[in-house]
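Number of protein chains: 2
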Amino acid sequence: MTQPAFGAMSEVINFLMEIDKLKLVERRTKIIGHGRQENSAEHSWHFAVAAMSLAPFAPQNVDISRVVQMALLHDIVEIDVGDVLVYDLAARLAVAGKEAAAAERLFGLLPEPQNSQFLQLWQEYETGDSVDARFAGALDRILPILQNLHNEGQSWRENGISLEQVLTRNALVGESWPELWQHVVSHLHSAQEKGWLR
Amino acid sequence: MTQPAFGAMSEVINFLMEIDKLKLVERRTKIIGHGRQENSAEHSWHFAVAAMSLAPFAPQNVDISRVVQMALLHDIVEIDVGDVLVYDLAARLAVAGKEAAAAERLFGLLPEPQNSQFLQLWQEYETGDSVDARFAGALDRILPILQNLHNEGQSWRENGISLEQVLTRNALVGESWPELWQHVVSHLHSAQEKGWLR
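Residue numbers (the numbering used here), protein chains in the order written: chain V, 166 to 363; chain F, 166 to 363.
Treat the hints with caution; some may be incorrect.
Remember, identical chains collapse to one label, so a pair may be satisfied in a single copy or spanning two.
[To be verified] Subject to a maximum C-alpha distance of 20 Å in a straight line, what follows is the list of computed SDA-like cross-link-like pairs (lysine to any residue): (1) K359 <-> H315; (2) K195 <-> Q168; (3) K195 <-> R322; (4) K186 <-> I197; (5) K186 <-> L308; (6) K186 <-> G198; (7) K359 <-> P169; (8) K195 <-> N179; (9) K186 <-> Q202; (10) K186 <-> V260; (11) K186 <-> E269; (12) K186 <-> R201; (13) K359 <-> A170; (14) K359 <-> Q168.
For the record, the hints were derived by calculation from the structure and aren't laboratory data.
My request is simple: use the sequences and hints to build the entire structure.
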């Protein structure tokens with residue numbers, strides 16, 4: 166179908182219609198108390214609201230407005246690549262180059278300055294190359310852990326994840342956010358006792 | 166189930182787990198080229214990215230960071246109230262008081278300053294009482310119109326919506342954003358010719 170034209174806004178609107186597809190990318194985490202898997206679009210919304218809501222507890226020099234933007238953009242590459250489980254290290258490594266190409270293609274649908282700005286924000290997030298990116302990365306890791314703690318360890322149980330894996334793969338959260346991490350670690354041990362984690 | 170405690174962050178985390186429910190609130194609009202209805206959480210993500218992406222075309226004194234925050238919060242009240250079709254004027258009026266009570270309950274789960282800040286942003290959005298709120302309101306209206314224009318008028322056809330209704334109910338978009346509205350009006354007339362609108 167020919168895309169309807171919107172003058173100087175046409176490219177932006179084509180981008181916005183293309184990213185509708187993120188609503189179809191499924192994650193392993195399910196809605197709390199519900200059988201449906203969440204998708205990467207609604208996860209991105211949840212992550213962005215978490216950044217706004219936890220702002221008073223963020224490290225002092227974090228720019229929450231930039232963290233919110235990273236949250237909104239961070240998973241758009243999954244339209245081309247799909248969601249890869251954070252605990253599947255081999256798959257995560259294999260997909261890195263494809264994600265970079267997807268970022269070029271998808272943000273490349275936009276005119277400047279948005280094209281470069283979005284690509285730069287996504288790269289900064291991916292490399293963890295700033296306090297904003299590290300805080301965003303910690304939030305993205307902590308959110309599914311919180312969802313699991315409130316949902317009887319659903320995605321841990323379904324994917325055979327161990328306490329050791331959660332502690333090792335998310336050690337970075339402890340570095341950038343020790344105040345929250347100490348509570349999480351205590352709940353993770355209880356979760357293992359309940360059989361939610363191997 | 167008792168909620169796990171997270172020290173000073175406990176209330177915020179309870180709020181974040183409560184709003185997981187927004188992922189279960191269905192709208193009339195379906196994913197483009199797909200049979201599934203979108204939900205209010207993924208719509209809120211789409212709306213926020215639209216604000217970021219269309220920033221260069223926004224009126225000069227709009228603060229996009231505030232518009233993004235309004236987008237992320239604007240539908241959270243639907244957790245208690247559900248989504249009401251924008252063309253169902255009687256239902257929209259009937260639900261206004263319930264939405265205000267829902268905002269008090271849901272944002273009230275948060276400690277200060279987030280409680281007051283979020284409530285104020287939501288009220289500003291609802292009343293359209295600033296350039297930011299009017300731009301946000303226009304974006305929220307334009308997004309499902311764009312989705313329908315790219316999806317053979319799906320939700321218009323399914324709900325028997327007329328060209329007249331779309332033009333009348335969204336006249337405010339023309340006021341706050343004439344540059345975009347003139348393109349939309351032209352496509353709406355074509356949509357009617359194709360039978361997508363009564």
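Do the hints match the structure? See the list:
no.: 1; hint: K359 <-> H315; in the structure: within (13 Å within a copy, 48 Å between copies)
no.: 2; hint: K195 <-> Q168; in the structure: between (34 Å within a copy, 18 Å between copies)
no.: 3; hint: K195 <-> R322; in the structure: within (12 Å within a copy, 32 Å between copies)
no.: 4; hint: K186 <-> I197; in the structure: between (23 Å within a copy, 8 Å between copies)
no.: 5; hint: K186 <-> L308; in the structure: between (22 Å within a copy, 15 Å between copies)
no.: 6; hint: K186 <-> G198; in the structure: between (25 Å within a copy, 9 Å between copies)
no.: 7; hint: K359 <-> P169; in the structure: between (55 Å within a copy, 14 Å between copies)
no.: 8; hint: K195 <-> N179; in the structure: between (30 Å within a copy, 17 Å between copies)
no.: 9; hint: K186 <-> Q202; in the structure: both (16 Å within a copy, 13 Å between copies)
no.: 10; hint: K186 <-> V260; in the structure: within (19 Å within a copy, 31 Å between copies)
no.: 11; hint: K186 <-> E269; in the structure: within (17 Å within a copy, 33 Å between copies)
no.: 12; hint: K186 <-> R201; in the structure: both (18 Å within a copy, 12 Å between copies)
no.: 13; hint: K359 <-> A170; in the structure: between (56 Å within a copy, 17 Å between copies)
no.: 14; hint: K359 <-> Q168; in the structure: between (53 Å within a copy, 15 Å between copies)
This entry satisfies every hint, going by the numbered hints stated previously.
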